[in-house]
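Let the sequences and hints guide you as you build the complete structure.
The lines below spell out each chain.
Protein chains: 2
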Amino acid sequence: MAITLRQSDADFEKRFAAFLTTKREVSHDVDATVRAIIDDVRDRGDAALIDYTLKFDRADLGTLGIAVTRADIEQAYKDADPETVEALRFARDRIRSHHARQMPKDDRYVDPIGVELGSRWTAVEAVGLYVPGGTASYPSSVLMNAVPAQVAGVERIVIVVPASGGVINPLTLVAADLAGVSEIYRVGGAQAVAALAYGTETIAPVAKIVGPGNAYVAAAKRQVFGTVGIDMIAGPSEVLVVADSDNDPDWLAADLLAQAEHDVSAQSILITDDAAFGKSVEEAVERQIKLLPRAETAAASWRDFGAVILVDDFDAAMPLVNRIAAEHLELAVADPEAMLPKVRNAGAIFIGKHTPEVIGDYVGGSNHVLPTARSARFSSGLTVLDFVKRSSILKLGPDQLRALAPAAIALAKAEGLDAHARSVAIRLNM
Amino acid sequence: MAITLRQSDADFEKRFAAFLTTKREVSHDVDATVRAIIDDVRDRGDAALIDYTLKFDRADLGTLGIAVTRADIEQAYKDADPETVEALRFARDRIRSHHARQMPKDDRYVDPIGVELGSRWTAVEAVGLYVPGGTASYPSSVLMNAVPAQVAGVERIVIVVPASGGVINPLTLVAADLAGVSEIYRVGGAQAVAALAYGTETIAPVAKIVGPGNAYVAAAKRQVFGTVGIDMIAGPSEVLVVADSDNDPDWLAADLLAQAEHDVSAQSILITDDAAFGKSVEEAVERQIKLLPRAETAAASWRDFGAVILVDDFDAAMPLVNRIAAEHLELAVADPEAMLPKVRNAGAIFIGKHTPEVIGDYVGGSNHVLPTARSARFSSGLTVLDFVKRSSILKLGPDQLRALAPAAIALAKAEGLDAHARSVAIRLNM
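So the protein lines, in turn, are chains B and S.
So the first sequence is numbered by numbering that gives the first Met the number 0: it starts at 0 and just counts up by one.
So the second sequence is numbered by numbering that gives the first Met the number 0: it starts at 0 and just counts up by one.
It is worth saying that the hints were derived from the structure and are not from the lab.
It is possible that part of the hints are untrue.
A pair holds if it fits inside one copy or across any two, identical chains being indistinguishable in the list.
[Unchecked claim] Straight-line C-alpha distance at most 30 angstroms; calculated BS3-like pairs for lysine-lysine:
{"no.": "1", "residue 1": "13", "residue 2": "341"}
{"no.": "2", "residue 1": "104", "residue 2": "341"}
{"no.": "3", "residue 1": "412", "residue 2": "289"}
{"no.": "4", "residue 1": "289", "residue 2": "22"}
{"no.": "5", "residue 1": "13", "residue 2": "54"}
{"no.": "6", "residue 1": "278", "residue 2": "13"}
{"no.": "7", "residue 1": "289", "residue 2": "341"}
{"no.": "8", "residue 1": "412", "residue 2": "77"}
Quick look at the structure:
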């Protein structure tokens with residue numbers, strides 16, 4: 000049973016604040032282990048990768064090879080279900096079309112005193128994408144990470160994926176190939192992150208590493224940050240459904256459970272203005288849980304972190320929506336477009352009753368790599384912007400330098416930076 | 000004496016690679032100390048801030064007050080040199096005009112099958128800006144951090160600044176006021192970062208923390224990351240000047256020294272195709288160093304990290320330029336516009352002989368918070384984008400859901416996520 004919070008209760012604010020700060024993940028301190036692995040890969044390169052992979056993934060890369068070959072990829076296409084391959088291709092095309100609109104434009108202009116200013120965007124040269132192994136190896140995530148990099152113009156898109164027992168999910172290889180990935184290596188864990196950051200004989204280093212992973216991968220990403228760029232560290236997923244009583248409880252229960260089945264730490268929240276309707280959704284959740292192959296995971300998530308929040312009206316709900324700052328927000332109300340402008344913090348917004356969040360996971364076209372654990376207050380989902388960087392441009396002639404010099408020199412001197420002042424003054428014989 | 004690297008030498012690649020990976024900073028492990036301070040501020044709030052400030056900054060906030068008042072700001076205007084205040088206002092206006100062009104636009108469109116997609120940008124609600132105390136307290140940096148936040152529409156811009164001995168540089172307060180900062184607190188160090196992240200009785204928490212600081216501040220920012228957003232961790236500054244012999248050696252020497260005077264860990268690099276000209280610049284550096292109030296700092300930086308790189312021609316220089324990925328890049332060559340498209344990695348590019356980097360530090364209009372230590376390979380200088388975040392939008396009707404359902408269901412089933420498949424199928428009675 001999820002908890003119920005009623006906005007009209009006297010202790011609501013206290014309980015809501017506690018609910019917001021509930022930790023859903025245990026953080027393991029693996030920093031020392033990870034540091035040793037990274038140092039070893041820097042020292043011994045491929046040999047270290049081979050040793051760790053034998054130990055952790057029970058795969059002999061000495062025989063299998065570190066790099067996945069073109070023949071391996073062709074075999075993966077043969078092993079994969081053709082309907083799924085077609086669905087991946089369909090998803091790839093939709094993700095590509097949407098992300099193409101995100102490419103920032105260069106800007107160059109002359110201001111009123113003749114100074115030229117500008118922004119110039121260029122793609123990151125090489126990006127590494129970590130793909131988890133085993134059950135967490137989602138081909139859809141390969142598309143969601145690799146397609147924006149490809150759209151951005153990244154030349155080298157490199158995948159690392161652990162081959163537990165020597166095996167990689169063929170759909171991972173197919174998704175990688177469809178998304179224009181240029182290199183795939185059979186390594187995982189902190190050792191894979193180290194190889195991407197520092198390079199080995201086989202793996203050339205990249206400039207940025209993205210993609211989800213376990214505690215070791217997350218710690219390794221934090222440790223190599225600075226040497227390379229990293230994306231956000233993803234936490235467990237969450238959905239917030241805002242719904243009036245004019246909804247089918249079964250539809251919304253299905254949406255809440257789609258989130259809950261991910262992980263025992265996932266979180267599903269319903270906000271409604273109708274207590275009886277909230278009850279019906281809860282009953283539908285309980286009924287549907289039993290039908291799921293992942294019933295145990297979904298039940299634990301719903302029991303430990305699920306919530307039904309009863310509000311007086313939807314205007315009163317909006318501050319709560321913005322404090323929760325959900326990764327996924329469904330607006331299943333009569334006039335969702337009127338509610339939309341009041342949403343300040345959300346990773347992705349799903350509008351209306353026919354837009355289940357799951358469409359965004361696969362084929363909507365928008366990205367499913369989104370800010371979790373309230374970080375939508377300050378960050379965004381993955382976009383093409385994560386794979387480009389900006390150089391600012393400044394260009395002055397003698398007249399412009401003369402016009403700007405007095406203020407620059409005054410500020411440099413006020414900051415005690417005489418060489419700064421001199422670098423301007425010397426050009427004007429000042 | 001800076002080192003000289005000659006591209007035509009047999010061991011150039013080896014020496015250049017070593018040069019690139021030279022660490023310019025000692026990293027101090029202050030994590031445990033910082034963790035204790037953060038925990039204490041979370042526990043004891045203002046009382047902890049008062050204790051640490053008495054200990055580290057020798058200032059009694061019990062008497063002075065934690066918050067800077069309007070009267071304090073008015074007094075700062077009286078204490079500040081009027082010409083400098085005018086220069087700050089001039090710089091503020093130029094920074095504001097340039098950054099206004101960076102505001103991303105919302106996007107909403109309908110794709111060929113009728114799916115509505117979109118991007119919606121909203122400002123971060125509250126941002127904290129760390130301002131260092133003492134000699135590193137640069138009013139220009141207050142403008143560079145606060146103006147983009149104001150342009151983005153951030154409602155609460157909060158400054159924390161240590162008041163060593165009770166004193167804050169009046170220009171810091173003036174710059175803050177000019178940039179629309181809403182709250183200023185007399186606290187610094189890890190305790191200030193903790194207060195911004197978790198809040199105290201006096202300081203309401205923010206959603207993102209930006210701005211430079213010492214090792215304690217940097218460690219605190221890393222530790223609170225996740226609870227709040229943070230900007231990049233800035234390293235020591237660097238400039239790369241690419242110059243042909245048709246330049247006044249004194250001008251370029253002044254530019255190299257403007258960087259070197261910042262910090263003994265700063266780095267100044269000259270790339271030229273003319274050995275004799277390189278020599279002249281080096282001689283000019285040695286001559287000018289003696290004239291500087293910060294001669295000792297500049298000399299140490301130039302001696303330990305300065306470099307003159309002699310190239311065969313400028314085409315051969317471009318791969319080196321891109322591997323160095325300098326924070327600041329000056330193109331002082333005959334045709335800088337022809338060179339510009341070949342630059343891949345640089346934080347800011349200064350075009351032509353009349354654009355010293357220092358103009359960008361103060362009054363060019365572009366931002367001086369830029370990626371250091373080769374991170375221009377994967378990141379950008381501060382922009383309005385750092386103070387906004389994006390929600391993606393998806394909206395389907397029944398027809399669109401029907402069109403996308405088969406692929407979504409196929410992928411959900413392939414990933415073993417049956418509740419995902421169900422959340423789509425249930426709406427279509429599938």
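Structure-based check of all given hints:
| no. | hint | in the structure |
| --- | --- | --- |
| 1 | 13 x 341 | within (24 angstroms within a copy, 58 angstroms between copies) |
| 2 | 104 x 341 | both (29 angstroms within a copy, 18 angstroms between copies) |
| 3 | 412 x 289 | between (73 angstroms within a copy, 18 angstroms between copies) |
| 4 | 289 x 22 | within (27 angstroms within a copy, 58 angstroms between copies) |
| 5 | 13 x 54 | neither (48 angstroms within a copy, 34 angstroms between copies) |
| 6 | 278 x 13 | within (23 angstroms within a copy, 70 angstroms between copies) |
| 7 | 289 x 341 | neither (37 angstroms within a copy, 60 angstroms between copies) |
| 8 | 412 x 77 | between (70 angstroms within a copy, 19 angstroms between copies) |
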